[in-house]
Structures are given as C-alpha cells and as structure tokens.
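Numbering of the sequence shown is given in numbering that gives the first Met the number 0, commencing with residue 0 and proceeding in unit increments.
No wet-lab data here; the hints were simulated from the structure.
Computed from a prediction, not measured in an experiment: that's the story for all the values here.
A hint or two may mislead.
Unchecked claim - Derived CB-CB ranges, DEER-like:
id	residue 1	residue 2	range
1	65	13	31 to 41 Å
2	105	63	35 to 45 Å
3	103	62	33 to 43 Å
4	52	118	23 to 33 Å
5	131	104	16 to 26 Å
6	78	119	32 to 42 Å
7	49	121	27 to 37 Å
8	39	11	19 to 29 Å
9	65	105	38 to 48 Å
10	10	118	15 to 25 Å
Backbone N, C-alpha and C define an ideal beta-carbon position, used for all residues, glycine too.
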Amino acid sequence: MDDNSANALRLTHRFAGPPALVWAVWTKAELIRSWFGSSHGFRAHDIAVDLRPGGRWSLRNVNGDVTEFVSGTYHEVEAPFRLVYSYHFEGTEFFSTISIDLTAEGDGTRLVFLQTGFPDAQARVEHGRGWPEAIQVMGEALLAMHGVGSLWPSLPEKRHIDGVAQDLEAARARLFEEKAK
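Could you put the whole structure together from the sequences, leaning on the hints where they help?
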C-alpha cells in the first residue's frame with residue numbers, strides 16, 4: 000500500500016482495552032453492525048465475514064430508502080494486530096484498500112488506520128468525515144467496557160460480544176443525539 004499517496008486517509012486513535020477486544024469490534028459481524036455507516040445514519044444488515052486471506056466480507060447498508068452494498072476481500076489477517084482488506088461500493092467504480100494496525104499501548108490499544116486508492120480528493124474528504132465518527136463510536140463503547148477489557152479472554156464468546164454490541168449501540172445513539180442538537 001502506498002501511504003504517501005496524496006489521496007490516502009491516515010487516522011490514529013487510542014482505544015481503551017486490549018488489541019483482542021478492538022480486533023473483535025472490526026471483525027465480528029455482530030459488532031460491525033453497530034458502528035459501520037453510523038456517521039451517515041446508515042445501519043448495516045446482512046453482514047458476512049469470512050475472516051481469512053482471500054475470504055470475502057459484505058454488507059447491506061440502509062438509511063431510509065437508500066441502500067448501499069459494500070464488500071471486499073481480506074488480504075492480510077494477523078489476529079489481533081493487522082487487517083488489510085479491499086473496500087468496494089458495489090455498482091460504482093469506487094475501490095480502495097484499508098489497513099488496520101493495532102498495537103498494545105499500556106492498558107489500551109493504538110490504532111493506525113490507512114485507506115488508499117481514492118479516485119479523487121473529494122472521495123478522500125468524504126471518507127475523512129465518516130471514519131473518525133465511526134471510530135469515535137467504537138472508542139466510546141470500548142471506554143465503557145474498559146473495566147471488562149482485562150477479562151476479555153476469559154469471558155464466554157456470546158457474553159462478551161453481546162456486551163460490546165450493547166455498548167456500541169449506546170455510543171451510536173449518543174452520536175446521533177449530539178448531531179441532532
């Protein structure tokens with residue numbers, strides 16, 4: 000990936016909680032639903048994740064009468080530290096590549112997000128508005144779960160996914176309340 004591209008979008012963020020917890024938010028369908036498209040009022044449905052190199056992911060993003068289909072292929076999957084995948088809005092010429100790098104940092108996780116392949120500066124600007132808000136939703140949920148973060152590996156799968164999903168939903172609701180003001 001060329002992170003020197005004039006149209007690359009690079010974001011960093013520090014999350015509360017270990018890399019495994021942040022990884023789950025990016026890779027578990029039950030959790031993706033709560034944050035994907037949240038900055039534009041969309042809700043993700045029909046999420047499919049085949050988390051392996053060459054595996055596909057897809058979802059249907061809905062906001063009222065507007066439906067978008069977004070999909071891609073996983074290129075690198077190094078749980079819980081690195082994820083690289085293609086990102087495509089079906090029915091358009093928009094194709095990009097996203098890389099997620101997670102690093103343990105104290106009792107939290109540092110995210111380095113890189114999206115490349117934008118067709119023009121405007122597409123980069125539009126995504127530059129959306130991704131920070133989605134990451135904010137994730138961050139608020141993980142902050143709420145910070146006390147649970149150290150217990151993450153020992154919790155039953157369903158219990159910790161349900162808990163994170165509830166926190167993501169609450170963070171999403173707060174984001175929309177703030178936008179409405």
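Quick rundown of the hints versus the structure:
no.: 1; hint: 65 to 13: 31 to 41 Å; result: 33 Å, holds
no.: 2; hint: 105 to 63: 35 to 45 Å; result: 42 Å, holds
no.: 3; hint: 103 to 62: 33 to 43 Å; result: 36 Å, holds
no.: 4; hint: 52 to 118: 23 to 33 Å; result: 26 Å, holds
no.: 5; hint: 131 to 104: 16 to 26 Å; result: 19 Å, holds
no.: 6; hint: 78 to 119: 32 to 42 Å; result: 34 Å, holds
no.: 7; hint: 49 to 121: 27 to 37 Å; result: 32 Å, holds
no.: 8; hint: 39 to 11: 19 to 29 Å; result: 22 Å, holds
no.: 9; hint: 65 to 105: 38 to 48 Å; result: 41 Å, holds
no.: 10; hint: 10 to 118: 15 to 25 Å; result: 19 Å, holds
Every hint, counting from the list given before, is met by this structure.
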